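All chains should be modelled from the sequences, with the hints used to inform the complete structure.
Residues per chain, in single letters:
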Amino acid sequence: MFIAIVPAYNEEKHIGFVVRNLFCHVDNVVVVDDSSTDNTSKIAKEAGAVVIRHEINRGQGASLETGHQYARSVGATHVIHFDGDGQFDVMDIKPALEKMKNENIDVILGSRFLGKESNIPFFKKKILFPIGRIINKIFAKIKITDVHNGFRIINQNALNKIIITHDGMAHATEILAQIKHHNLKYIEYPVQVEYRKYGQGLGGGVKIVKDLFFSKFI
Amino acid sequence: MLLVFQIIFVLFTFFAISSVIKKKKQGLLGPKGTIFWIIFWIAVAIAVAWPESTAKIAKIFEIGRGVDFVFYIAIATLFYLIFKLHIKVETIARDVTKVVRDKAIKETLNNK
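If you read the protein sequences in the order shown, they are chains A and B. With the first sequence counted from 1, adding 172 to any position gets you our numbering. With the second sequence counted from 1, adding 87 to any position gets you our numbering.
Note that these hints are calculated values from the structure, not bench results. You may find that some hints are simply not true.
[Unchecked claim] Below 30 Å or equal to it, Euclidean Cα-Cα: the simulated BS3-like pairs (lysine-lysine) are:
1) A:K333 to B:K175
2) A:K382 to B:K190
3) A:K313 to A:K379
4) A:K352 to B:K185
5) A:K214 to B:K185
6) A:K315 to A:K333
7) A:K185 to A:K333
8) B:K193 to A:K333
9) B:K171 to A:K379
10) B:K190 to A:K333
11) B:K193 to A:K185
12) B:K119 to A:K388
13) A:K296 to A:K185
14) A:K388 to B:K185
15) B:K175 to B:K112
16) A:K313 to B:K185
17) A:K333 to B:K199
18) A:K217 to B:K193
From a predicted model like this one, the values you see are computed outputs, not experimental measurements.
Right, dumping it as structure tokens:
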């Protein structure tokens, strides 16, 4: 069973469209509503998704692990992480999954820097991402082109090994660190990203570094 | 002879130590925490009652003045406590997430 995990917080404008599009490419869609104050849950349910709602806002990392836990409990063979704001293109799913199966890969990591055109804001592209790559090299010890891309496909083997403990955005680096730790086979795959929101800024980046640092002592 | 402020400070440290013992009896402080805070407040009482004692310790560490020694120790202690507090908060946050997650999944599976 191929399950899409969609972490969502106040995404009522996009979630219905995202869920309906995903159903053409996956067997089931799980929307983890991170305590939205709008109609995200209702719209996702109407679109046919399984909705898991956090009573308190816990962050994107926490939402993804909630989706993972659910996927493990229903015996999913593959899961895909897919943003709820509709910035990813569902047409990237099928070829990525095929490549994964053909080459016996455990994790596919989406990348905005491998050929497909994405409208990445200048500051992010030239300042934040290069810094992110250095931070990632320090904490995850993996060198990849797109450190914080939310598009990932994970097979059952990796799903059982990758346990996300970071509630916030540091989960992206944590996932890479766990890929390295468990010696999982991974590749980056070109995906298209249509920016609808700016997303992580400089403050968010500082918080990620702080979270990664303190997690070493927990 | 002790100055008025020294008397007040020393009395305050006695109050603080009694408060630490009270918290230990209530089970709010562990043995390590109790020992740390009692030693801390005794050290404060000694430093206030005999200010020259800090100068003697400062000399051992080759720090110029006693007040500088107290200042360095205070800064280091505060940073350490903030660090410990931060770790504690993070740990509690993870526990909260676990409770929220388990409840959310259980509700979803029950409503299926």
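Do the hints match the structure? See the list:
Pair hint K333 (chain A) plus K175 (chain B) holds up; C-alpha atoms about 26 Å apart against a cutoff of 30 Å. In summary, the hint linking K382 (chain A) to K190 (chain B) is supported, as the alpha carbons are separated by about 29 Å, within the 30 Å threshold. The straight-line distance between the Cα atoms of K313 (chain A) and K379 (chain A) is roughly 19 Å, inside the 30 Å bound, and the hint therefore holds. For the hint linking K352 (chain A) to K185 (chain B), the alpha-carbon distance of about 25 Å falls within 30 Å, and the restraint holds.
A distance of roughly 24 Å separates the Cα atoms of K214 (chain A) and K185 (chain B); the hinted pair therefore holds under the 30 Å criterion. At roughly 20 Å between alpha-carbon atoms, K315 (chain A) and K333 (chain A) fall within 30 Å of each other, so this suggested pair holds. Among the hinted pairs, K185 (chain A) with K333 (chain A) is inconsistent with the structure: their alpha-carbon atoms are about 34 Å apart, more than 30 Å. Between K193 (chain B) and K333 (chain A), the direct Cα distance comes to roughly 22 Å. Compliance with the 30 Å bound is thereby established for this hinted pair.
Restraint check for K171 (chain B) and K379 (chain A): satisfied, since their Cα atoms lie roughly 18 Å apart, inside the 30 Å limit. Restraint check for K190 (chain B) and K333 (chain A): the C-alpha separation of about 22 Å stays at or below 30 Å, so the hint holds. Note on K193 (chain B) and K185 (chain A): the hinted pairing holds, with a Cα-Cα distance of about 27 Å set against a maximum of 30 Å. Among the hinted pairs, K119 (chain B) with K388 (chain A) is consistent with the structure: their alpha-carbon atoms are about 23 Å apart, no more than 30 Å.
Between K296 (chain A) and K185 (chain A) the CA atoms are separated by roughly 25 Å; this keeps the pair inside 30 Å, and the hint holds. For the given pair, K388 (chain A) sits about 19 Å from K185 (chain B) by alpha-carbon distance, which is consistent with the 30 Å threshold. For a cut-off of 30 Å, the pair hint linking K175 (chain B) to K112 (chain B) stands: about 22 Å separates their Cα positions. About 28 Å separates the Cα atoms of K313 (chain A) and K185 (chain B), which keeps this hinted pair within 30 Å; it holds.
Pair hint K333 (chain A) plus K199 (chain B) holds up; C-alpha atoms about 27 Å apart against a cutoff of 30 Å. Simply put, K217 (chain A) and K193 (chain B) have alpha-carbon atoms about 17 Å apart, close enough for the 30 Å limit, and the pair holds.
The structure fails to meet hint 7 from the earlier list, while all remaining hints are met.
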